[in-house]
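S.K.: So the sequence lines, in the order shown, correspond to chains W and L. Residue numbering for the first sequence follows our numbering, starting at 1 and increasing by one per position. Residue numbering for the second sequence follows our numbering, starting at 175 and increasing by one per position.
Worth flagging that the hints you see were computed from the coordinates, not collected in a lab. Hints may contain errors.
Simulated pairs of lysine-lysine, BS3-like, Cα-Cα distance not exceeding 27 angstroms [unchecked claim]:
{"#": "1", "chain 1": "W", "residue 1": "Lys165", "chain 2": "L", "residue 2": "Lys213"}
{"#": "2", "chain 1": "L", "residue 1": "Lys210", "chain 2": "L", "residue 2": "Lys193"}
{"#": "3", "chain 1": "W", "residue 1": "Lys165", "chain 2": "L", "residue 2": "Lys227"}
{"#": "4", "chain 1": "L", "residue 1": "Lys215", "chain 2": "W", "residue 2": "Lys164"}
{"#": "5", "chain 1": "W", "residue 1": "Lys88", "chain 2": "W", "residue 2": "Lys164"}
{"#": "6", "chain 1": "W", "residue 1": "Lys165", "chain 2": "L", "residue 2": "Lys215"}
{"#": "7", "chain 1": "L", "residue 1": "Lys215", "chain 2": "L", "residue 2": "Lys227"}
{"#": "8", "chain 1": "L", "residue 1": "Lys227", "chain 2": "W", "residue 2": "Lys164"}
{"#": "9", "chain 1": "L", "residue 1": "Lys215", "chain 2": "W", "residue 2": "Lys102"}
{"#": "10", "chain 1": "W", "residue 1": "Lys140", "chain 2": "W", "residue 2": "Lys161"}
{"#": "11", "chain 1": "W", "residue 1": "Lys161", "chain 2": "W", "residue 2": "Lys102"}
{"#": "12", "chain 1": "L", "residue 1": "Lys193", "chain 2": "W", "residue 2": "Lys161"}
{"#": "13", "chain 1": "L", "residue 1": "Lys227", "chain 2": "W", "residue 2": "Lys161"}
Simulated restraints on C-beta separations [stated by the list, open to error]:
{"#": "14", "chain 1": "W", "residue 1": "Ile155", "chain 2": "L", "residue 2": "Gly212", "range": "31 to 39 angstroms"}
{"#": "15", "chain 1": "L", "residue 1": "Ser211", "chain 2": "W", "residue 2": "Ile27", "range": "35 to 43 angstroms"}
{"#": "16", "chain 1": "L", "residue 1": "Ala216", "chain 2": "W", "residue 2": "Leu23", "range": "22 to 30 angstroms"}
{"#": "17", "chain 1": "L", "residue 1": "Glu187", "chain 2": "W", "residue 2": "Thr173", "range": "33 to 41 angstroms"}
{"#": "18", "chain 1": "W", "residue 1": "Ile155", "chain 2": "L", "residue 2": "Glu194", "range": "44 to 52 angstroms"}
Small disclaimer: the values here were computed from a predicted structure and weren't measured. C-beta: ideal position from N, C-alpha, C; glycine also.
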Amino acid sequence: MKDNTNILTIMTWVILLSLASILLNDIREFDFNQFKEFQSWAKFADKNESWFTSKNAIQWSYYVISAGLFIWRGYLIYGFSYFLSILKEIENGDYFSNNNIKYFKKIGNIFIWYTISVLVLRFLLASIGKSSFNFFNELKAEFTFLIPAGLAFYILAEIFKQAKKTQEENDLTI
Amino acid sequence: MPIIVNLDRILAERKMKSKELAEIIGITTANLSILKSGKAKAVRFSTLEAICKALDCQPADILEYVED
Chain W
1 MKDNTNILTI MTWVILLSLA SILLNDIREF DFNQFKEFQS WAKFADKNES WFTSKNAIQW
61 SYYVISAGLF IWRGYLIYGF SYFLSILKEI ENGDYFSNNN IKYFKKIGNI FIWYTISVLV
121 LRFLLASIGK SSFNFFNELK AEFTFLIPAG LAFYILAEIF KQAKKTQEEN DLTI
Chain L
175 MPIIVNLDRI LAERKMKSKE LAEIIGITTA NLSILKSGKA KAVRFSTLEA ICKALDCQPA
235 DILEYVED
């Protein structure tokens, strides 16, 4: 079991580092200079023009939402890091611990909130006008598998809760 | 719990130590302590049989029902 745990830990680290490096590369490629343009616009903008309808404000919103997508991707990577905590508990022999139940719930939460938030942000991006948004196409996108995966983790947390109760009962049967 | 375990009394009557009983019936002293303190959730028939055999008593001598 320890060997399997070690292999799984190594695989999780590889996935985590790959995801983190892809995210960092995407952030590096993202043009943050756009925010500087907004700063200069803020200095010279026509104060009579409505803020919400001005072109620069819309453009700035687009970049803020794009940056928001990075934050959510970081949050997803943080969610993946809980796998390491679960593997650590398993390595220590605490299969049905309270911590594992908590971690499974957290992973479920993060997966579901990531998918919902990315869907909302993509919808906002489309409404700003820089991309197209089709709800059913978005649902078909590969990242939405995280919703059933998140639900599966909730179910796992419930199973582990019951298993913990059964184990406790078994331990107290003399 | 309304089930009382009278092992301490029977042990005292038989002048037997907990450690000795644990060795005879083949359970750890920690588990015997759980049983004596009433923290146990269940008792296996095999354990009950071994206790009765070792202490020469009936299950009713060890277990008692007291209404809450």
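S.K.: Decide, hint by hint, whether the structure agrees.
M.R.: Do the hints match the structure? See the list:
| no. | hint | result |
| --- | --- | --- |
| 1 | W:Lys165 <-> L:Lys213 | holds, 15 angstroms |
| 2 | L:Lys210 <-> L:Lys193 | holds, 12 angstroms |
| 3 | W:Lys165 <-> L:Lys227 | violated, 32 angstroms |
| 4 | L:Lys215 <-> W:Lys164 | holds, 14 angstroms |
| 5 | W:Lys88 <-> W:Lys164 | holds, 17 angstroms |
| 6 | W:Lys165 <-> L:Lys215 | holds, 12 angstroms |
| 7 | L:Lys215 <-> L:Lys227 | holds, 22 angstroms |
| 8 | L:Lys227 <-> W:Lys164 | violated, 33 angstroms |
| 9 | L:Lys215 <-> W:Lys102 | holds, 26 angstroms |
| 10 | W:Lys140 <-> W:Lys161 | violated, 32 angstroms |
| 11 | W:Lys161 <-> W:Lys102 | holds, 10 angstroms |
| 12 | L:Lys193 <-> W:Lys161 | violated, 35 angstroms |
| 13 | L:Lys227 <-> W:Lys161 | violated, 38 angstroms |
| 14 | W:Ile155 <-> L:Gly212: 31 to 39 angstroms | holds, 35 angstroms |
| 15 | L:Ser211 <-> W:Ile27: 35 to 43 angstroms | violated, 59 angstroms |
| 16 | L:Ala216 <-> W:Leu23: 22 to 30 angstroms | violated, 52 angstroms |
| 17 | L:Glu187 <-> W:Thr173: 33 to 41 angstroms | violated, 26 angstroms |
| 18 | W:Ile155 <-> L:Glu194: 44 to 52 angstroms | holds, 48 angstroms |
Hint check: violations occur at hints 3, 8, 10, 12, 13, 15, 16, 17; the rest are consistent with the structure.
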